[in-house]
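J.: What follows is each chain in one-letter form.
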Amino acid sequence: QKEVEQDPGPLSVPEGAIVSLNCTYSNSAFQYFMWYRQYSRKGPELLMYTYSSGNKEDGRFTAQVDKSSKYISLFIRDSQPSDSATYLCAMTRSNDYKLSFGAGTTVTVRA
Amino acid sequence: DTGVSQDPRHKITKRGQNVTFRCDPISEHNRLYWYRQTLGQGPEFLTYFQNEAQLEKSRLLSDRFSAERPKGSFSTLEIQRTEQGDSAMYLCASSAGGDEQFFGPGTRLTVL
Numbered sequence: 001q002k003e004v005e006q007d008p009g010p011l012s013v014p015e016g017a018i019v020s021l022n023c024t025y026s027n028s029a030f031q032y033f034m035w036y037r038q039y040s041r042k043g044p045e046l047l048m049y050t051y052s053s054g055n056k057e058d059g060r061f062t063a064q065v066d067k068s069s070k071y072i073s074l075f076i077r078d079s080q081p082s083d084s085a086t087y088l089c090a091m092t093r094s095n096d097y098k099l100s101f102g103a104g105t106t107v108t109v110r111a
Numbered sequence: 112d113t114g115v116s117q118d119p120r121h122k123i124t125k126r127g128q129n130v131t132f133r134c135d136p137i138s139e140h141n142r143l144y145w146y147r148q149t150l151g152q153g154p155e156f157l158t159y160f161q162n163e164a165q166l167e168k169s170r171l172l173s174d175r176f177s178a179e180r181p182k183g184s185f186s187t188l189e190i191q192r193t194e195q196g197d198s199a200m201y202l203c204a205s206s207a208g209g210d211e212q213f214f215g216p217g218t219r220l221t222v223l
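The listed protein sequences correspond, in order, to chains A and R. At position 68 of the first sequence the residue is numbered 68 (my numbering), and the sequence of numbers has no breaks. Quick note: to get my numbering, add 111 to the position in the second sequence (first position is 1).
Okay, chain R solo, but in the shape it has when bound:
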């Protein structure tokens, strides 16, 4: 399968714990995006990378959130000191420079 992959698919954690998600984009896609989707809503933009450079962060991305794409390939999204309000589906997408973004299956986070 050459699509966008995300790991883990599901994560249950206790409030206050740190979690890290991984995204592997489609090979040779230079742009990578993170979105968050809550129940009954469309995805909301969190942050964007072009190669290894993080070019924009949404105001939704508080200082407890950090994202990296160290070698311009896979990316990680870390949430520190998780809160119940962080419970959501975290989606990764990639594109080859155009506007067509292809999404992965998502990581569903539940904070107890």
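Isolated chain A, as found in the complex:
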């Protein structure tokens, strides 16, 4: 079993919809959580970085962490066609440097 499991998708939503992306993890030592966006044939781009349970908001993006359930989520409000990409969750331990990634969820926002 992988340390990080991500809902596989793909997801296809109409423009303006809320996109919900989820990851679960098995290692309780993970303390820092990230969401990356990756366009086709490009490198991952850091979207959100959190280290505590609760919600963090940045514009249309909200990252949610529940350490007790080992569950993290990313919500995209008012989705746009430009949000069409693969979204990767990633996490790491305190004082560690290796990121452990989920397999990614591909999202398509239809105009």
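Hints are computed from structural coordinates only; laboratory data are not their basis. Note that beta-carbon positions come from the ideal geometry of N, C-alpha and C, so glycine has one too. Be aware that one or more of the hints could be misleading.
[Claimed, not checked] Sample of chain A residues with no beta-carbon within 10 Å of chain R, all distances over it, derived:
| id | residue |
| --- | --- |
| 1 | Gln6 |
| 2 | Leu11 |
| 3 | Phe61 |
| 4 | Asp66 |
| 5 | Lys67 |
| 6 | Lys70 |
| 7 | Tyr71 |
| 8 | Leu88 |
| 9 | Ser100 |
| 10 | Val109 |
| 11 | Ala111 |
[Unchecked claim] Lysine-lysine pairs mimicking DSSO-like chemistry, simulated, CA-CA at most 30 Å apart:
| id | chain 1 | residue 1 | chain 2 | residue 2 |
| --- | --- | --- | --- | --- |
| 12 | R | Lys122 | A | Lys42 |
| 13 | A | Lys67 | R | Lys122 |
| 14 | R | Lys168 | A | Lys98 |
[As the list claims (entries may be wrong)] Restraint ranges, calculated between C-beta atoms of paired labels, are given here:
| id | chain 1 | residue 1 | chain 2 | residue 2 | range |
| --- | --- | --- | --- | --- | --- |
| 15 | A | Arg77 | R | Arg133 | 31 to 41 Å |
| 16 | A | Ser94 | R | Lys168 | 44 to 54 Å |
| 17 | R | Thr187 | A | Ser20 | 24 to 34 Å |
Since the structure of chain A is already known, use the hints to place chain R on it.
T.: Chain R alone, transformed into the frame defined by chain A:
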């Protein structure tokens, strides 16, 4: 552009050949990482440098792989005697000591 850069962006080679990739991190970032990403999967950690010291290598990094960061700035990743299973996107990332890693565009390797 002051982001992470990688060269080449694409490499096609024949099985058995050696290839070398270069990564230039964000200026003054002391940490540099290599990851490998295959189709439909997330990146997997390969190795990590703090300044010029290589501090960890994943078991994914067989003895055909070698990475260097000679002056604590740019890094190279060499694959000797390439195999078809080496076909992947090779990603470089850098950080300033914190946990926020910034990725380059990647080098896509195809081994025929």
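J.: Can you tell me whether the CB distance of Thr187/R to Ser20/A sits inside 24 to 34 Å?
T.: violated (41 Å)
J.: Are the Cα positions of Lys122/R and Lys42/A separated by 30 Å at most?
T.: holds (15 Å)
J.: May I ask you to check that Asp66/A keeps its beta-carbon over 10 Å from the closest beta-carbon of chain R?
T.: holds (19 Å)
J.: Would Val109/A pass as off the interface with chain R, using Cβ distances and a cut of 10 Å?
T.: holds (20 Å)
J.: Taking the minimum C-beta separation from Lys70/A to chain R, is that value above 10 Å?
T.: holds (17 Å)
J.: Minimum C-beta separation from Tyr71/A to chain R exceeding 10 Å: can you confirm that?
T.: For Tyr71/A, whose nearest Cβ neighbour in chain R is about 17 Å away, the distance exceeds 10 Å, so it holds.
J.: Quick one: are Ser94/A and Lys168/R within 44 to 54 Å, going by C-beta?
T.: Hint violated: Cβ distance 22 Å, outside 44 to 54 Å.
J.: Just double-check Leu11/A for me: nearest Cβ-Cβ distance to chain R has to come out over 10 Å.
T.: holds (15 Å)
J.: Phe61/A: least C-beta distance to chain R exceeds 10 Å?
T.: It holds; Phe61/A is separated from chain R by about 16 Å at its closest Cβ, greater than 10 Å.
J.: Given the proposed pairing of Lys168/R with Lys98/A, does the C-alpha separation stay at or below 30 Å?
T.: The given pair, whose Cα atoms are some 10 Å apart, holds under the 30 Å limit.
J.: A cut-off of 10 Å on Cβ-Cβ distance, and Gln6/A was said to be off the interface with chain R. Does that hold?
T.: The claim breaks: Gln6/A does not keep its Cβ more than 10 Å from every Cβ of chain R (closest is about 8 Å).
J.: Against chain R, does Leu88/A keep a CB gap of more than 10 Å to every residue?
T.: violated (5 Å)
Of the numbered hints given earlier, the model fails hints 1, 8, 9, 13, 16 and 17; all others are met.
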